[in-house]
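Q: One letter stands for each residue in the lines below.
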Amino acid sequence: MAALTLRRKLAILSDAAKYDASCASSGTEKRSSAGTGGIGSTEGSGICHSYAPDGRCISLLKILLTNFCVYDCIYCVNRSSSNVTRARFSVEEVVKLTLDFYKRNYIEGLFLSSGIIQSPDYTMEELVRVARSLRLEHHFAGYIHLKVIPNASPDLLIEAGRWADRLSTNIEMPTDIGLEQLAPEKKPSEIRTAMANVRGKLDEAGPDKKARAKKPKFAPAGQSTQMIIGADAADDGVILNRAAGLYSGYKLRRVYYSAFSPIPDSSSRLPLKAPPLMREHRLYQADWLIRFYGFDVPEIIWGGEDGLLDLNIDPKLAWALKSRARFPVDVNRADREMLLRVPGLGTKSIDRILSTRRHHRLRLEDVARIAGTIDKVRPFIEAADWTPGGLTDDARLRAKLTPQPEQLSLF
Amino acid sequence: MQVIRMQSPNDFAEWRSKARQLLAAGLSPEQVEWRMMDDAASLLDSDDALDLPAATQPVGSVPRQFLDLAEQAICHTDPARFSLLYQLLWALQADSQLLADATLDANSLLTKRVSAVRRDSHKMKAFVRFKSIADDSGLERYAAWFEPEHYTLELTAPFFARRFDGMMWAIVTPYRSAYWDGESLAFGPGGSKSDVPQDDAVEDDWKTYFSSIFNPARLKVAMMKSEMPMKYWRNLPEAELIAPLIRNARQMEAEMIERTATQPPSRHLRQQAREPDLIENAAEITSLADARSAVQGCQRCPLYEHATQAVFGEGPQHADVMFVGEQPGDQEDLAGKPFIGPAGKVLDAAVEKVGIDRSRVYVTNAVKHFKFEPRGKRRIHQRPDGGEVQACKFWLNLEIGFVKPKVIVALGATAATSLLGRTATIGKLRGAPITMDDGTILFVTNHPSYLLRIPDLEGKAREQAKFEDDLILVREAIAGLCTRH
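Protein sequences, first through last, are from chains U and Y.
Taking my numbering, I'd label the letters of the first sequence as residues 1 to 411.
Taking my numbering, I'd label the letters of the second sequence as residues 1001 to 1485.
The reader is advised that the hints may include incorrect statements.
Stated by the list, open to error - So these bits of chain Y aren't anywhere near chain U, every CB distance computed over 10 Å:
id, residue
1, D1038
2, A1080
3, S1132
4, S1211
5, M1256
6, Q1271
7, A1335
8, T1423
9, G1439
To be verified - Facing chain U, a subset of chain Y residues (Cβ under 10 Å, in silico):
id, residue
10, R1064
11, F1066
12, L1069
13, V1128
14, P1264
Because the hints were derived from the structure by calculation, they are not lab data.
Values in this document were obtained by computation on a predicted structure and should not be read as measured data.
Glycine included, C-beta positions come from ideal geometry on N, C-alpha and C.
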C-alpha cells in the first residue's frame, strides 16, 4: 500500500470524524497565553471559526487519530466491516496540524477521537499523548476535547482530564437493545460506567470550601455525550427520558442528538434516507425546555402525538396549545416560572420584561419590542392594553401559528 | 446649535471629555450636534469651535452599566451614535434607573448598537485569518487583512494579544491596524489587502479539512449564511469551496444512499474470529466470579436501561454472614460497589461497634440495578417493585448458593420480602432468628438508610439502639454456630 500523504490522511480522518455532532469550545475555565510565550486562550464562550454548508459550526479541528477499528458498529462509517480507506496519524502529525491551524486562527482547539485499535488502554494512551505534548511541549492553552475510551485504565482517565477541557463518551443509541442490535461489541453498562467514572473525577476536582490546597485540574468543561436519532425505532419519549437519566446521573454539560445520516459503504440494515433534521432540531428545543424552562419529559411528550414531538411547531407552542386553560398569562403580574411557559418568550426577553415592569406596566407593543416577535406570544398573554379574549381558545389557533413550509431556494 | 467635532470614530475617552464639557455647560441634547472632524461644514453652523470651559473632572454621575455599554456602542458606524449616547447621558441625570426600561426608544437603540458591535467583534475573533510571513529571522510572524463592519479593532485586538502571546502578528483593517511584537500592542493607520501576504502554505490543508468535515446529507445553507454572513466571505480562504460543495451535495448524498454495502475486508473477518464468547447462559454460571461477570448483561427487568451498571455483592467468597440491602443507591451505582454511600457508612459503623468481624461479612442487595427518578441534575431513589425484586432473586440465589453464609441479615422490607418470598413487616419479624428451608438463619432488621431519615434526635437514637440490638443477635448467632462446628 502506497503511503498516504498528510493531506490525504487529513481528508480521511476528518471525514471519519464528522458524525460526532459536538464542536463546542465553551464553558471551560478562563485561560490565556499572556506572558507565557506560548499560544492559546479560552474565555468562557466558544468561537465558531467557520461554518460548513451543513450549517454546523467549525470550532475545533475534529479528527480521528485513526479510523482503523476493531468494533463493527453498523451505524459507524469506521466499522471494521466497511471498506472505507483507512489511515492513521502519528501523534506528532496531529500536534503539528493543531498548532498550524490554531496559529492561523482557523480553530479554537482540538477534538480528538479514535477508532479502537489493539486495546482500550493503547488507544486512550495515544489520545493522551497528543494532549500531553500540546500542553507540555508546546505550551498550548487552547481548547482540547478528548474522547474517553470505555474500559481504559483509571490512570489514563485522570491524565486525560488533566490536559483536556472536555471529555466525552457517546451513549450512541437511545436504548440498550438498539445498541446491542447495531453495535454488538459495545456494552451499554461499560459506556455508562465510563461516564460515571468521569463524573466521579469531576466531583473530586469540584469546588470544596473546606479544602485549602489546590486540587489537580480535571476537565473544567465537563463531559458530554451523543445519541444517534433515527437509526433505530426509539420514539422521542424514549430519547428524552434517556437524556434526562443521563443528565441526572453524570453531570453532563450536553447531550447531543445526531440525526442518523447516510454514510459511505453503508450497511443494508440501516434506514438509508435523508437524515431527520427537523426531528433533531425539535429534540434540541425540548432538551432546552427541560434544562432551562422548568418543563419535564412527560409534559413535552404530551404536547406531541404518540410519543413523538410535533415537527411543524416548536415543543413549547405544542405544549401551550394543549394547555390553554393555563393561559392567558398576565405579563405585568406573572412570576418568572409562568412567563417561561409562554410561547415566543425566551429567558432574555423575560429578564427584560421583569426589569421593565418595575418602571411601568407593559403594553402589547412593549412586549413585541422586547420579544422581537408577537404573533406567537399574543394569544397567550394579557398586557396593560391587551386581552386575547376568545383568541386563546380559538380552534383555528394551531393552524394560524403553524409556519408555512418554506420554499427551498437554489443557491 | 453647538457643533462638536470628533477626531476619532470610536475613542470613548474623547467623547467622554467632550460630553463632560457639554454637561457642565448645561447644554441639552437638542442644542448639540455631533460630527466627525472631516465631515463637511454646514451653512447653518453658527460656531464650530468648542467655546466651553474644559471639564477634566466628573460633572455628573451615571451607573457603571452605562459606561460599559457606551464604550461598545461608540464603535458602531451609525453617525448618530455620539448624540444617542449624549441623549442617554442627559436623561440619566434625571433618572438613574432609566436603563432598566427596555421599552424606551433610546434604550432599545443602545441595545441594538451594542449587540451589533459585540457581534462584529465576535466575528472578528472568528474570521480573522492569519497568513504566515516567510522570514529569515526564525521568528514566527503572521499578518491578516480584515474588514470589520464597525470600528471594532481596538476593542478586539487585546483578545488576539491574550491568545497569540508567542507570535508576532498584525491585523490590518481599512481604518486602523494593530501590531503585537510579543510584548506590547500598538496601533497604526489603516491599510489595504495588499499589505498582507496573499498565500499561506497551510491554507490548502484547511480547505481540505473544511470540505471533509462537511456532511453533504445535512445541507442547511441558510443556517450557514446567518452565522457566517456573506460580507465576511471575501477574506475567508475556505469560502471559495462553499458553492461547489453545495452543488455536489445532493449527488453525494444520493450516491451514499444508492450504493450497496461491499463485502467486508479480510481484516474484519479475522477480527470477528478472535472475539471471545461471553457467558450469557445461566447454566454456564459455575462460580461467584461467573455470576459477577454475567450480571452485567442482565435484562431480566427494565432497570438496566437507566442504571450505570449492575452492582454485585462484595466480600469473601465464604463469608459467615451476608447482609442483603434493597438496591444500590446513587453512589453505589456510579462506583459499582455496594454500601459505599451514607447508608453503608451507618452499617459499617454499627457492625464495628457491636463487634462483628467485617472481614467475614458479604454485603449485597436484593436488586442489583439502581432504580431512580431523574430530577434535573439529581437522581431520586425509587423503591423497586415486586416484579423487579422477583426478577433479581435469580442473582441473589446465586450469591447465597456460592457464598453459603451461615447467617443472612435482611436490611429492610424489600430484602426480607425477597428472601422470604412473601410480604414482610420488619416490626413483626425483627428480634428473633428465622430458620430458612435450607437451614440458614435469617435475621430481619431495618435498612440503615431508615436511620438516616429519622428527623428527631431522640427517635434516631432509639432506632439506632434497636438496630444495634439486632446486630448483637447476629453476632451471637455467628459465634454460636462457629463454636458448634
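Q: A separate judgement is required for each hint: does it hold in the structure or not?
A: So, going through the hints one by one against the coordinates:
1. Once the 10 Å rule is applied to beta carbons, Y:D1038 is consistent with being away from chain U; the minimum gap is 33 Å.
2. Residue-level check passed: Y:A1080 sits 19 Å from the nearest beta carbon of chain U, beyond 10 Å.
3. Distance check for Y:S1132 against chain U: the nearest CB is about 7 Å away, which does not clear 10 Å, and the non-interface claim fails.
4. Remark: the non-interface label on Y:S1211 conflicts with the geometry, its nearest Cβ contact in chain U lying 8 Å away (cut-off 10 Å).
5. The beta carbon of Y:M1256 is not kept farther than 10 Å from every beta carbon of chain U, the shortest such distance being approximately 4 Å.
6. Taking the minimum C-beta to C-beta distance to chain U, about 5 Å, the non-interface status of Y:Q1271 is violated against the 10 Å cut.
7. The Cβ of Y:A1335 sits about 7 Å from the closest Cβ of chain U, inside the 10 Å cut-off, so the non-interface label is violated.
8. Non-interface status of Y:T1423 relative to chain U is upheld: no Cβ of that chain comes within 10 Å, the nearest being about 30 Å off.
9. Remark: the non-interface label on Y:G1439 is consistent with the geometry, its nearest Cβ contact in chain U lying 35 Å away (cut-off 10 Å).
10. Proximity of Y:R1064 to chain U is violated relative to the hint, the smallest CB-CB distance being about 16 Å (cut-off 10 Å).
11. Hint on Y:F1066 is violated. Least Cβ distance to chain U is approximately 15 Å, over the 10 Å limit.
12. With 10 Å as the threshold, the beta carbon of Y:L1069 stays out of range of chain U, its nearest partner Cβ sitting at about 14 Å, so the hint is violated.
13. Because the beta carbon of Y:V1128 sits about 5 Å from the nearest beta carbon in chain U, less than 10 Å, this interface hint is met.
14. At a threshold of 10 Å, the smallest CB-CB gap from Y:P1264 to chain U is about 4 Å, leaving the interface hint in force.
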